[in-house]
Amino acid sequence: MENEKIKEHIKKRYSEIAKADCSSCSTTSCSSSCCSSSSCDAAPQYVAWKLGYSPADIESVPENAISGLGCGNPVALASLKEGETVLDLGSGGGMDAFLASKKVGPQGKVIGVDMTSEMVQKARATALEHGYTNVEFRLGEIEALPIEDETVDVIISNCVVNLAPDKLKVFKEAYRVLKPNGRLMVSDLVTHGTLPADVKSSFDAWSSCIAGALEKDDYLNKIATAGFKNIKIVSQKPYTIDLSKELRGKIVSIQVEAHKSS
Amino acid sequence: MDILACPIDKHYPLELHIFEETEEISEGVIVCPECLRWYPIREEIPEMLPDNLRNEKDELPFMQKWKQKFPKQILQEGKPFNLEKKE
Numbered sequence: 001m002e003n004e005k006i007k008e009h010i011k012k013r014y015s016e017i018a019k020a021d022c023s024s025c026s027t028t029s030c031s032s033s034c035c036s037s038s039s040c041d042a043a044p045q046y047v048a049w050k051l052g053y054s055p056a057d058i059e060s061v062p063e064n065a066i067s068g069l070g071c072g073n074p075v076a077l078a079s080l081k082e083g084e085t086v087l088d089l090g091s092g093g094g095m096d097a098f099l100a101s102k103k104v105g106p107q108g109k110v111i112g113v114d115m116t117s118e119m120v121q122k123a124r125a126t127a128l129e130h131g132y133t134n135v136e137f138r139l140g141e142i143e144a145l146p147i148e149d150e151t152v153d154v155i156i157s158n159c160v161v162n163l164a165p166d167k168l169k170v171f172k173e174a175y176r177v178l179k180p181n182g183r184l185m186v187s188d189l190v191t192h193g194t195l196p197a198d199v200k201s202s203f204d205a206w207s208s209c210i211a212g213a214l215e216k217d218d219y220l221n222k223i224a225t226a227g228f229k230n231i232k233i234v235s236q237k238p239y240t241i242d243l244s245k246e247l248r249g250k251i252v253s254i255q256v257e258a259h260k261s262s
Numbered sequence: 263m264d265i266l267a268c269p270i271d272k273h274y275p276l277e278l279h280i281f282e283e284t285e286e287i288s289e290g291v292i293v294c295p296e297c298l299r300w301y302p303i304r305e306e307i308p309e310m311l312p313d314n315l316r317n318e319k320d321e322l323p324f325m326q327k328w329k330q331k332f333p334k335q336i337l338q339e340g341k342p343f344n345l346e347k348k349e
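Just so you know, the protein sequences line up as chains C and V, in that order. Each step along the first sequence adds one to the number in this note's numbering, with nothing skipped, and position 72 is 72. Each step along the second sequence adds one to the number in this note's numbering, with nothing skipped, and position 72 is 334.
Chain V extracted, bound-state conformation:
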């Protein structure tokens, strides 16, 4: 997590929420508290892509899956997409 910054507004530090952990964090989410963007960690890889390269169809189900563990504000206001917007 050190030196990891938001690719959009370059904010540091970012918030880490761990969903599943073995030796490393296998699933989780990284949140930029400044712009409310969220970045998934899947298969131990932080996916820090800018908005234009993100895939809503692929990432929203991830948010749905971990709904209980996601920060509430991100579920409702997270960028570039969130569960609220979908409904």
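If we strip away everything but chain C, and leave its shape as in the complex, we get:
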């Protein structure tokens, strides 16, 4: 499949999600989103809790920022320190960016980058409405970051890199913008073994985070190729939400930590 067509499909799908009211989940677009809730009846807050976010965290962010998307990235958020500059790759509705904003405090800064205009507008509106002053959102592509070299302390990303056709480029860009000693804390879906060919070639499977997922070792190797050191999986669990029987057991949600040398 051509990369451009994949990107177009993903942008369209996620702009539909941004426009839909996911708290009521009455539209079909909610059910087929990336790493979405297991059933349309589940409140996004419940899904967020299942993904590992604490009830205190969930309560502390604006409700319309909680989309119930993603594989969850609580380890990355827990690692943030006051004053740090954080970059969120694929910031979506802004939930992780807002949680990060509280952790880094007024001396810190959070930048969210997302290629879907509707998502960025939604996150921006939420930031304004709730008075987040240390968070900004930019329309951009994670394979071509609009960020200066060596300016970011921590890169977080929640179930987004798998959507990018060129993952090595994403990790190289991440490496470029990190300061020396900076860290990458990504959460993503990877596979155990290869996926059936019909799944790989489906646009819908791409935008549901399945077809674009790499084999676990391949994913970690790409992070290493980009230059990162001390790469480790800090947690992992089988991913089962919205999966057909043939895919059960083949998809794993992993949280990875990697470092840029000094």
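There could be a bad hint or two in this list.
With a Cα cut of at most 30 Å, we get these calculated DSS-like pairs of lysine-lysine [unchecked claim]:
id: 1; chain 1: C; residue 1: 250; chain 2: C; residue 2: 11
id: 2; chain 1: V; residue 1: 319; chain 2: C; residue 2: 7
id: 3; chain 1: C; residue 1: 7; chain 2: V; residue 2: 341
id: 4; chain 1: C; residue 1: 12; chain 2: C; residue 2: 179
id: 5; chain 1: V; residue 1: 341; chain 2: C; residue 2: 12
id: 6; chain 1: C; residue 1: 222; chain 2: C; residue 2: 11
id: 7; chain 1: V; residue 1: 334; chain 2: C; residue 2: 12
id: 8; chain 1: V; residue 1: 319; chain 2: V; residue 2: 334
id: 9; chain 1: C; residue 1: 169; chain 2: V; residue 2: 272
id: 10; chain 1: C; residue 1: 172; chain 2: V; residue 2: 341
id: 11; chain 1: V; residue 1: 334; chain 2: C; residue 2: 19
Chain C regions said to be covered by chain V (calculated; three or more residues, Cβ under 8 Å) [stated by the list, open to error]:
id: 12; segment: 118-124
id: 13; segment: 137-143
id: 14; segment: 146-158
Honestly, the hints are just simulated from the structure, not real lab data. Yeah, the Cβ is synthetic: ideal placement off N, Cα and C, and Gly gets one too.
With chain C's structure known, arrange chain V on it following the hints.
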């Protein structure tokens, strides 16, 4: 504007031209002096997309609208598209 760089050649710093401002910059343009690419700011959001994700039909009218305030060189030579090329 700090730490904002051109997504194509990674040049920093970029030039900011403000067209409309309330509490924040609501409309404006960000220009890379190195490669002459221009990036619109609309509804307070900097649109820093690479060429392949840009929409000429949607963005040229924006350039037309602010023609008087755009840097002249960008109107004529700006990338990935400009008013000169269209005519």
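Violated constraints from the hint list, given by number and in increasing order: Result: hints 4, 7, 11 break, sorted rising.
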